[in-house]
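*Asks:* The sequence shown runs 5 to 211 under our numbering.
Hint data in this document are derived by calculation from the structure and do not stem from the laboratory.
Using N, Cα and C, we set each Cβ at its ideal position, and we do this for glycine too.
Treat each hint with caution, since some may be false.
Stated by the list, open to error - Cut-off 20 Å, straight-line C-alpha distance, at most; resulting in silico cross-link-like pairs (SDA-like, lysine to any residue):
no.: 1; residue 1: 17; residue 2: 85
no.: 2; residue 1: 28; residue 2: 59
no.: 3; residue 1: 55; residue 2: 141
no.: 4; residue 1: 121; residue 2: 59
no.: 5; residue 1: 106; residue 2: 141
What the hints assert, rightly or not - Computed Cβ-Cβ distance ranges for the label pairs, DEER-style:
no.: 6; residue 1: 38; residue 2: 139; range: 14 to 24 Å
no.: 7; residue 1: 79; residue 2: 27; range: 35 to 45 Å
no.: 8; residue 1: 142; residue 2: 13; range: 30 to 40 Å
no.: 9; residue 1: 113; residue 2: 67; range: 19 to 29 Å
no.: 10; residue 1: 79; residue 2: 182; range: 22 to 32 Å
no.: 11; residue 1: 34; residue 2: 102; range: 30 to 40 Å
no.: 12; residue 1: 14; residue 2: 150; range: 49 to 59 Å
no.: 13; residue 1: 78; residue 2: 16; range: 19 to 29 Å
no.: 14; residue 1: 161; residue 2: 72; range: 16 to 26 Å
no.: 15; residue 1: 161; residue 2: 52; range: 19 to 29 Å
no.: 16; residue 1: 36; residue 2: 152; range: 35 to 45 Å
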Amino acid sequence: MEVIISKRDVQGKGASRRLRREGKTPGVIYGGEKGAVSIELDHNNLFHALKREAFHASILTLVMDGETESVLLRDYQMHPFRMEVQHIDFQRVDTTHKIHVKVPLHFINEDVAPGVKLASGIVTHIMTDLDVSCLAASLPEYIEVDLANLQAGHSVHVSELILPAGVELAAVHKGDDPAVATITVPRGAVADEAVAAEPAAPAAPAA
Numbered sequence: 005m006e007v008i009i010s011k012r013d014v015q016g017k018g019a020s021r022r023l024r025r026e027g028k029t030p031g032v033i034y035g036g037e038k039g040a041v042s043i044e045l046d047h048n049n050l051f052h053a054l055k056r057e058a059f060h061a062s063i064l065t066l067v068m069d070g071e072t073e074s075v076l077l078r079d080y081q082m083h084p085f086r087m088e089v090q091h092i093d094f095q096r097v098d099t100t101h102k103i104h105v106k107v108p109l110h111f112i113n114e115d116v117a118p119g120v121k122l123a124s125g126i127v128t129h130i131m132t133d134l135d136v137s138c139l140a141a142s143l144p145e146y147i148e149v150d151l152a153n154l155q156a157g158h159s160v161h162v163s164e165l166i167l168p169a170g171v172e173l174a175a176v177h178k179g180d181d182p183a184v185a186t187i188t189v190p191r192g193a194v195a196d197e198a199v200a201a202e203p204a205a206p207a208a209p210a211a
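Let the sequences and hints guide you as you build the complete structure.
*Replies:* Given below as C-alpha cells:
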C-alpha cells in the first residue's frame, strides 16, 4: 500500500496547526540507521486509509519525491472530539531483521460452532490482535481463529492458533497462554434448558 508524503521543513505547534488548517497531517518517520524525518500528508486520504485494517498491520510504502521507503504504522493521535488525525508516526523496516507487530485476528466459523449452534452460546472475542515477530516479507495481513469445534464453556487459547510460516509469537506471549475467544451460555438459556429437561408431572388419578 503506497502513501504519498512530503517533507515538512517547518516544525513546532504553530506550524502543525497551520498544516491542519490546510487539510494536512504532520508526522514523522524514524528508526533504522537514518535520522528522524518530519513529514506531512493529505489528511483526507490518511483518514480513510486508517479505516482499512491492512493499513495497521502491513508493510507500507511511503513515496516522497520519487523515492520510496518501507515502514510500519506505529502510532497516531486523533483529536479528542473532532474526526481529525492530529499526528502520525511511521517506523522504518529493515528487511533483514525481524519486526515486532500486532496482527489482527479474524474469527471464522462462529455460526457453526457447537457452543453456538447447539447450546445457543455467545462468542466473546477476548483478543482482537496478536503480538508476533517475523521478517517483513513474512508479515501476514491477519491470522485466522477457527471456532468450528468450540463447545460452550470452552475457550480457544493462543497455543492453539496456527501461525503462518516464518511467524512466531512475540516474547510478550511466551510462557503464557491467554484465551483468545470463548463461548458462554446466557443464564436465561441455561434456565430454559433446565426447565425443558424436567420430566412432566404425572397426571392426577381420576376421581
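*Asks:* Would you mind marking each hint as holding or not holding in the structure?
*Replies:* Hint-by-hint comparison with the structure:
1. 17 - 85: Roughly 19 Å separates the two Cα atoms, so the pair holds.
2. 28 - 59: Measuring from Cα to Cα gives roughly 18 Å; hence the hint holds.
3. 55 - 141: Violated, at about 23 Å.
4. 121 - 59: 34 Å, violated
5. 106 - 141: The given pair, whose Cα atoms are some 15 Å apart, holds under the 20 Å limit.
6. 38 - 139: 14 to 24 Å: Hint holds: Cβ distance 20 Å, inside 14 to 24 Å.
7. 79 - 27: 35 to 45 Å: Violated - the Cβ-Cβ distance for residue 79 and residue 27, about 21 Å, lies outside 35 to 45 Å.
8. 142 - 13: 30 to 40 Å: 37 Å, holds
9. 113 - 67: 19 to 29 Å: Violated, at about 39 Å.
10. 79 - 182: 22 to 32 Å: Since residue 79 and residue 182 have Cβ atoms about 24 Å apart, the given range 22 to 32 Å holds.
11. 34 - 102: 30 to 40 Å: Violated - the Cβ-Cβ distance for residue 34 and residue 102, about 18 Å, lies outside 30 to 40 Å.
12. 14 - 150: 49 to 59 Å: About 51 Å separates the Cβ atoms of residue 14 and residue 150, which means 49 to 59 Å holds.
13. 78 - 16: 19 to 29 Å: 22 Å, holds
14. 161 - 72: 16 to 26 Å: For residue 72 against residue 161, whose Cβ atoms are near 40 Å apart, the range 16 to 26 Å is violated.
15. 161 - 52: 19 to 29 Å: 36 Å, violated
16. 36 - 152: 35 to 45 Å: Check passed, 42 Å falls within 35 to 45 Å.
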